[in-house]
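A.B. asks: The residues making up each chain are set out below.
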Amino acid sequence: MTNALWLLPAFPLIGALVLMVFGRRLGEPRSGWFAAAMPIASFLVTVSVYFDLLSRPSEERHEVVTLFSWIPVGALHIDVALLADPLSITMALFITGIGSLIHLYAIGYMHGDPKFSKFFLYLNMFVFSMLMLVLGENLLVTFLGWEGVGACSYFLISFWHTRNSAAVAGKKAFVTNRIGDFGVMTAMFLAFSAIGSVSYSSINEAAHTGAIAPVTATAIGLLLFVGACGKSAQLPLYLWLPDAMEGPTPVSALIHAATMVTSGVFLMTRMSPVLHASYEWAPMIIACVGAATALYAATIAVAQNDIKKVLAYSTVSQLGYMFLAVGSGAYVAAIFHMVTHAFFKALLFLGSGSVIHGMHHEQDMRRMGALRKLMPVTAITFIIGWLAIAGVPPFAGFWSKDEILLYVYANNRGLYVVGLITALLTAYYMTRQVIMVFYGEAKWKDHAHDHGAHGDFEPHESPKIMLFPLVVLSVLSVIGGAMQLPFTKKLHFLEHWLAPVVEESEADIHKTWAYENKYILLVIAVVIAITGIIGAFAVYGKKKVKAVEPRVLEQAWFYDAGAAKLIGGPGRAAFNAIAWADAHIVDGAVNGTATTVRGIASQIRKSQNGFTRVYAALMAIGAVVLLAWFVYRGVA
Amino acid sequence: MSIPILTLLVLVPLFGAAAISFLAKTNEALVKNVALVSSIATGLLSVWMLIKFPTGSAGFEFVSKHSWVSEWGISWHLGVDGISLFLVVLTGILFPLVIVGIDPHHDHKQYMVWMLVLEAGVMGSFLSLDLFLFFVFFEIVLVPMYFLIGNWGYDQRVYAATKFFIYTMAGSAFMLVGIVATAFLARRDIGHLSFDLIEIAEKSDFAIGTGRWLFVGFVIAFAVKVPLFPLHTWLPDAHTQAPTGGSVILAGVLLKMGTYGMLRFGVYLFPEAAVWAKPVLLTLAVIGIIYGAIAATMQKDLKRLVAYSSVAHLGFIVLGTFALTNQAITGGVMQMVNHGVSTGALFLMVGMIYERRHTRVIAELKGIQAVAPIFAGFFTLVMLSSIGLPGLNGFVGEFLVLIGSFATARWWVVAATTGVILAALYLLWAYQRVFHGEPDEANKSFTEITKREAMLLSVFVAAIVFTGVYPKPMLNRIEPSVKSLLEHVESHSNYKQPEIKAGE
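One line per chain: the protein sequences are A and B, in this order.
Per our numbering, the first sequence starts with residue 1, numbered consecutively.
Per our numbering, the second sequence starts with residue 1001, numbered consecutively.
Just chain A, with the same shape it has in the complex:
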């Protein structure tokens, strides 16, 4: 079945091409159904590939399918080749699975949009690119997907392009990601010059055998991490992700929560042998950046009032968690959290979309409240998502977060504390959100006139096509933890499954205090989560404590504003100075020379000759002089 691997990206690609040509003719809702069939088909193929791999012995779960030779020049051979192994198929499973659900959801959400079919064209294109990214057998095919998802993200963020904020956000996302791409490209150059290949098997093999010097491995690893910081929205490049919420909500769920933004974590895991071969401080840098981002974004999420902005900062924070895991050598835990996060964060985003839909495009949580009665399915599923992300057992997020914290504790206790504080804040701000949206008093009644409904405005539950994905994702958010339970070795399904890919680089914590006392850590995690939830209830539910939402947090520590000021001020001035210098100094010298020559020429010859002829004559004289010089030198 693995030789049908090419079908995986082929379906959504065909979907996109068909929609490009016939999209308008298909119209609504047919183009949506057609588009949704593509990731569903891919999902089915992925499932069969999964079972195919599963039926083989662990070390044979690795199959490369070369489609054609892409860029062959001399020593450089780059093929368009796909790789089926536990890591890529895990990724493909949840990309196509969640992708299918979100396609279905979007049929309801995008109802009535004049660019309905265009939306699905981009969505199919995105799934294609994302699959190329994870299935690529070398860095360049991954980079093709990497840039492809970036382009689709750009199209989809600025989907409502007549809105200026959407247009700006799209551009910002692309350009910021390009800064990261600089890292990915240089890493490829370095890999090629060091070992003559950019294929994962060659690079990782070289890392295993020590054919790559530690300094080179460190450079490759960290350069790729720069790319990961861009794509996965880590400090200092995360800036684009909160703005990306300008896109339609299904996009936020699919691209900016579940799939694309996890590419960086995927890439780090794929290249884990290189990180393993690096200097020890290299993974530490990754862990620190991850921890810092996790905490930083969580503090911001506490003070956001836009329902999607809370989730956006939460995503940044959770991605930080995954990098914290990667940097601690906990690759399985990173992937585990990536998958559970994909479940519950997609659920939360789709839930928020359902709320926004029901509230007639209102996103301010201060104008919501008490929606649980009017939107029961949305409320129940959202609450499940909340419990999952807050780290309440037995929901999925609890297990994956706990697994990360276990490894982090073994690696560095300072980072463990940062992780705990983040977990506390996460439980707190998510509870805050749930209370503001679904509980308390209904604040939307006062604002009814804003929606042009003149008093009879009432939020409504979303159509079934939107609720179905919510239900499926909430089930997954409940049971997702079962893929890796900490109790006995036998229950480490994900670990066994991913072993062929990450075994060698995975940190060994078996002899540490943390491992031997993992139940203590488990209890601490539960206490922390409960504390956060109770705290938020005290503040927002019972209103016993005054809410602390300082402006500095609401404004994201003024980092974005500061960066904008720097770019808009001195940055722009510098660019303008160069453009000015070009027109006045570089070109000024040219025109100055011309004027001088013309002046001399008219002094010499007062007659009415065309300038061109004067120049030609001067040139001829000059040429003869130069020629004499050359011949003289040559003969002498």
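Keep in mind that the hints are not guaranteed to be accurate.
[Stated by the list, open to error] Just a sample of chain B residues kept apart from chain A, beta carbon distances all over 12 Å, derived:
id, residue
1, Leu1008
2, Ser1021
3, Phe1022
4, Lys1052
5, Val1069
6, Gly1191
7, Glu1199
8, Lys1203
9, Leu1281
10, Ser1493
[To be verified] Here are the simulated BS3-like cross-link-like pairs (lysine-lysine), alpha carbons at most 25 Å apart as the crow flies:
id, chain 1, residue 1, chain 2, residue 2
11, B, Lys1496, B, Lys1278
12, B, Lys1444, A, Lys115
13, B, Lys1300, A, Lys565
14, A, Lys518, A, Lys490
15, A, Lys543, A, Lys443
16, A, Lys443, A, Lys542
17, A, Lys115, B, Lys1451
18, B, Lys1203, B, Lys1065
19, B, Lys1052, B, Lys1472
No wet-lab data here; the hints were simulated from the structure.
Note that beta-carbon positions come from the ideal geometry of N, C-alpha and C, so glycine has one too.
Starting from the known structure of chain A, fit chain B onto it as the hints suggest.
C.D. replies: Chain B in isolation, oriented as in the chain A frame:
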């Protein structure tokens, strides 16, 4: 070879021009048809040549050699190899597209004559294997271009045309000296006076100092043509003022005469000097990449913006050329073609905007995507190709240049790669201002592209996608010649290519 195909590539457009000059000025339809037939015939010939070109051949094919001025050793010597092959095909295809797709609005007869003379000149430049012959073609090109800008251009056309002519002429003066001196100095080694490129390159043995001086003479002329920083300022003026057809040809093929010349008459003739001058040329190339991009970002005129983007893109080609590795030069040659396609298409579309709005000022354009989504779609795709999105043509060339240069010019590459970030910045910012937003009164009436325009653009888009997805046929034809050029460099200088063992 029974049919002198290369000679025909030069002569057919020339015959077309001659035929048109006998036609009545008023008979626009006939004028246009003759121009079309001769340019399409040339295009077909170039495609036929491409098909017949033996893949894997490193040397010159379809050679036609006839003595011209025998006592001076000047001959009509034409040939094509992997380095010039696709430039010839690009020329052959671009001209009929421009002739059929862009209306000069007035004086059709003269316009078509100049266009065809231009085509002959460009073809000749890419095919000549005789220094003197090359110089003749290289200079001939200036005349039609001068008139095309001067007669069919915009407000500042006379200034721009004169600047273009004199600037390039001044550069060429150095080359003329270089050519004559080269031939005379090489006489000692060859035994007789000869302007034959191959003969000189293979047999001559210049003193190190002499070779370097001669190289400089040639390279100045080419650097102006490319244009290489800081000799680039004629380009934004010429591009902005030229009529759309002129801009497309200028960006598409004319600039490549500079980069092509650097390879063929710089590196090939004076390998030792090329190695010697490497640091300076690489530095100028990288400055051009970053500086051109920054200047592009701040332009207020859309056409000027595209012109500055050319300075940046051509910087990549020069970087690849003087990094002197197989991948880098192959990528550079490929980038010559890619840039011709992408930037040609961009100029074409800027022209379409001007036809509709009579302005190219970015601030006066707004929200075009809302009223002309198909046009916006074409623009987006070409823009992404110019930005270097993998899967589209621009990426392959740029990537090869960078990855190939890394071994010999590591820090230059690191600096040049920032150009990739800047490219996204200036193009996307421009796109946002021109296409996004709510269209205002003036832009609301912007009409969607016509079927004819869409068909024209589709040719470019097809080339962009095909080359990006499957560049192998192109690379397989370019690389052997590049490899043999590098072997020539290694045997004529102390330069050795870095060893990169082939991975899996």
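A.B. asks: Compare the distance between the alpha carbons of Lys1052/B and Lys1472/B with 25 Å, and conclude whether the hinted pair is satisfied.
C.D. replies: 17 Å, holds
A.B. asks: Was Glu1199/B rightly flagged as not at the interface, with every chain A Cβ beyond 12 Å?
C.D. replies: Fine: 17 Å to the nearest Cβ keeps Glu1199/B off the interface.
A.B. asks: Is it the case that Ser1493/B keeps its Cβ farther than 12 Å from each residue Cβ in chain A?
C.D. replies: 19 Å, holds
A.B. asks: Given the hinted pair Lys1203/B and Lys1065/B, is their Cα-Cα distance within 25 Å?
C.D. replies: Holds: Lys1203/B and Lys1065/B sit about 18 Å apart, inside 25 Å.
A.B. asks: At 12 Å, judged by beta carbons, does Phe1022/B keep clear of chain A as stated?
C.D. replies: 28 Å, holds
A.B. asks: Does the structure keep Lys1444/B and Lys115/A at a Cα separation of 25 Å or less?
C.D. replies: With Cα atoms ~18 Å apart, Lys1444/B and Lys115/A stay inside 25 Å; holds.
A.B. asks: Are the Cα positions of Lys1300/B and Lys565/A separated by 25 Å at most?
C.D. replies: 22 Å, holds
A.B. asks: Can the restraint linking Lys543/A and Lys443/A be considered satisfied, given a maximum Cα separation of 25 Å?
C.D. replies: 16 Å, holds
A.B. asks: Is the nearest Cβ of chain A still more than 12 Å from the Cβ of Lys1052/B?
C.D. replies: 23 Å, holds
A.B. asks: Decide if the proposed pair is consistent with the structure: Lys443/A and Lys542/A, CA atoms, cutoff 25 Å inclusive.
C.D. replies: Between Lys443/A and Lys542/A the Cα gap is close to 17 Å, so the pair holds against 25 Å.
A.B. asks: Run the distance test for Lys518/A versus Lys490/A: straight-line Cα separation, threshold 25 Å.
C.D. replies: 16 Å, holds
A.B. asks: Is it true that the CA of Lys115/A sits at most 25 Å from the CA of Lys1451/B?
C.D. replies: It holds: about 22 Å lies between the C-alpha atoms, which stays within 25 Å.
Comparing the model with each numbered hint stated earlier shows that all of them hold.
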